[in-house]
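Engineer: Listed below, chain by chain, are the residues.
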Amino acid sequence: MSRATALALHGMSYRQARRLSSDELWSVNLGAIVDSWRGGELMIRISAVTALVTAYLCLAQPAANAHHSVAANFDQSKTVSVTGRIKEVDIRNPHSQITLDVSPGDGDSAVEWFIEWSDVNSLIRRSVPYEQLKVGDEVTITINPSRRLPNVGYFRQAVLPGGKILRDCGFGAFRESVARGSTEISCEGQP
Amino acid sequence: MKWTTTATGLLALALAAPSAAQGDRVDLDGVWILADSAKFENVELTPGGEAARAQYDSLRNDPGLKCIPASITRVMHTPSPPIAIRRRADLIEIDYEFMDVHRRIPIKSGLAAKEAPYAVAEYPHLGRSVARYEGETLVVETVDVGAGVHDTLGMPGLPQSEQMHTVERFVATGNRMEVAVTHVDPVFYAKPYVATFSYLRLPGGAILPWNCSPEEANYDRFLSKDK
Chain D
1 MSRATALALH
11 GMSYRQARRL
21 SSDELWSVNL
31 GAIVDSWRGG
41 ELMIRISAVT
51 ALVTAYLCLA
61 QPAANAHHSV
71 AANFDQSKTV
81 SVTGRIKEVD
91 IRNPHSQITL
101 DVSPGDGDSA
111 VEWFIEWSDV
121 NSLIRRSVPY
131 EQLKVGDEVT
141 ITINPSRRLP
151 NVGYFRQAVL
161 PGGKILRDCG
171 FGAFRESVAR
181 GSTEISCEGQ
191 P
Chain A
1001 MKWTTTATGL
1011 LALALAAPSA
1021 AQGDRVDLDG
1031 VWILADSAKF
1041 ENVELTPGGE
1051 AARAQYDSLR
1061 NDPGLKCIPA
1071 SITRVMHTPS
1081 PPIAIRRRAD
1091 LIEIDYEFMD
1101 VHRRIPIKSG
1111 LAAKEAPYAV
1121 AEYPHLGRSV
1131 ARYEGETLVV
1141 ETVDVGAGVH
1151 DTLGMPGLPQ
1161 SEQMHTVERF
1171 VATGNRMEVA
1181 VTHVDPVFYA
1191 KPYVATFSYL
1201 RLPGGAILPW
1211 NCSPEEANYD
1221 RFLSKDK
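Respectively, the protein sequence lines represent chains D and A. Residues 1 to 191 (my numbering) make up the first sequence, in order. Residues 1001 to 1227 (my numbering) make up the second sequence, in order.
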């Protein structure tokens, strides 16, 4: 996809489009990416689900993506780390969603976890490299659990194969950058 | 009626109040993002309002699940999507990225809000609006909104009746803008309440398409798991 196409399809400013790498330009074509992810082959192997209630992310800047009211639907005082294999990644508006196949670890069938995330427009503005989440990869995702629904949570960060951490510093960090006169987001000062 | 008298008085104040902001005023044109959490003050529901709010279920009744913006206040309450403002000769254009809301508000002396066209053609329930300037303060008055859910965030399930009347006051100073919205709704609110939104100018910013799809926005896939 060309920068001109990114501009035309997504109403991006030239400045925004100019900063996109080749991979990011391609990833702007979300429909194609979603289709390719959906077509990915699933391998289900699971690790444990670890529940952690820690102060760590309680103190973190919330993702502040409240289109359906994150605070109303997800318990931001709790974090849970879920390890599984990525089944689907849908980066879209109003919410992105990652589907994770998680094994209970006792030989039973895998259970699907639905992990909600920010809207695609915000992820683009925050330069979050969401394309690093690939169908079939085993990852550990830290979430805020749903207040009502089992196996549903809100994305905080992911540990990718090889140990690399995919973080979303959130809208709070973005607006702090803007207040400093920059749209280059920095995670400095974020837990 | 005491409430009506008080409400009318406060609404008159909201309509007539000079801008309190000081400093180097700038025009409102540009792209803006929320600088801080919105502030909702004096929210006091009537018994009818409390009853309506008690019926709200965030997994089922949020209009956003059907890609419908509940109200302009709800649209502005969304933290991350920016808004863009442009002044034309005889109207104000406000584009809200959230839910692709494109609002067109006439500036016409003597035009009553109730006689104005619907400000968002695709969403008539967002009401009829008319704009004017008081000095450098943009004032937007809105009536004829649809009854239903008013807001789904800080106090999820706030209702609104068809009688809700709002007055928005936009003031920009440097790279900051403040929008104070006075809401008057005698059916569901015991007194007028004010929501204040503080914005930062987003240099080089643009409004991106939202392209919300109800099939993707709803929680139907989760509801079978509801506890």
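Quick caveat, the hints were computed from the structure, so don't treat them as lab data. Computed from a predicted structure; not experimentally measured. All C-beta atoms, glycine included, are put in the ideal place defined by N, C-alpha and C. Watch out, some of these pointers could steer you wrong.
Claimed, not checked - DEER-style ranges, computed between Cβ atoms:
#	chain 1	residue 1	chain 2	residue 2	range
1	A	1061	D	134	31 to 37 Å
2	A	1051	D	180	45 to 51 Å
3	A	1051	D	109	21 to 27 Å
4	A	1044	D	184	49 to 55 Å
5	D	132	A	1109	52 to 58 Å
6	D	136	A	1108	47 to 53 Å
7	D	134	A	1111	51 to 57 Å
8	D	181	A	1187	21 to 27 Å
9	A	1198	D	134	47 to 53 Å
10	A	1209	D	180	34 to 40 Å
What the hints assert, rightly or not - Computed list of lysine-lysine pairs in BS3-like fashion (alpha-carbon distance at most 30 Å, straight line):
#	chain 1	residue 1	chain 2	residue 2
11	A	1066	D	78
12	D	134	A	1066
13	D	134	D	164
14	D	164	D	78
15	A	1191	A	1114
16	A	1039	D	78
Claimed, not checked - Just some of the chain D residues that point at chain A, by a computed CB distance under 7 Å:
#	residue
17	93
18	94
19	121
20	162
21	164
22	178
Engineer: Run every hint past the structure and note whether it holds.
Structural biologist: Status of each hint after checking the structure:
Between residue 1061/A and residue 134/D the CB atoms are about 36 Å apart, so this pair conforms to the stated range of 31 to 37 Å. Between residue 1051/A and residue 180/D the C-beta distance comes to about 46 Å, which sits within the given range of 45 to 51 Å. Against the hinted window of 21 to 27 Å, the Cβ-Cβ separation of residue 1051/A and residue 109/D comes to about 44 Å, which falls outside the hint. The given range of 49 to 55 Å is broken by residue 1044/A and residue 184/D, whose C-beta atoms sit roughly 43 Å from each other.
Residue 132/D and residue 1109/A have their C-beta atoms about 56 Å apart, which keeps the hinted 52 to 58 Å range intact. Distance hint check for residue 136/D and residue 1108/A: the Cβ-Cβ separation is about 59 Å, which falls outside the suggested range of 47 to 53 Å. Residue 134/D and residue 1111/A have their C-beta atoms about 56 Å apart, which keeps the hinted 51 to 57 Å range intact. A hinted range of 21 to 27 Å is violated for the C-beta pair residue 181/D and residue 1187/A, which are about 45 Å apart.
For residue 1198/A paired with residue 134/D, a C-beta distance near 39 Å fails the hint of 47 to 53 Å. Under the hint 34 to 40 Å, the C-beta atoms of residue 1209/A and residue 180/D, about 28 Å apart, miss the expected range. Only pairs whose Cα atoms come within 30 Å are accepted, and residue 1066/A paired with residue 78/D is accepted, the gap being roughly 29 Å. Taken as a hint, the residue 134/D and residue 1066/A pair is honoured in the structure, with Cα atoms around 29 Å apart against an allowance of 30 Å.
Only pairs whose Cα atoms come within 30 Å are accepted, and residue 134/D paired with residue 164/D is accepted, the gap being roughly 13 Å. With a C-alpha separation of about 23 Å, the suggested pair residue 164/D and residue 78/D falls inside the 30 Å cut-off, and the hint holds. Between residue 1191/A and residue 1114/A the CA atoms are separated by roughly 22 Å; this keeps the pair inside 30 Å, and the hint holds. For the proposed pair residue 1039/A and residue 78/D, the alpha carbon gap of about 25 Å is at most 30 Å, so the pair holds.
Checking residue 93/D against chain A: minimum C-beta separation of about 5 Å stays under 7 Å; hint holds. For the restraint placing residue 94/D at the interface with chain A, the shortest Cβ-Cβ distance is roughly 5 Å, inside the 7 Å limit, so the hint holds. A hinted interface residue such as residue 121/D counts as satisfied when its beta carbon comes closer than 7 Å to some beta carbon of chain A; here the least separation is about 4 Å, so the hint holds. The interface hint given for residue 162/D is broken, as the beta carbon of that residue sits about 30 Å from the closest beta carbon of chain A, more than 7 Å.
For residue 164/D, the shortest C-beta to C-beta distance to chain A is roughly 25 Å, which exceeds 7 Å, and the interface hint is violated. Because the smallest distance between the Cβ of residue 178/D and any Cβ of chain A comes to about 5 Å, under 7 Å, the interface hint for this residue holds.
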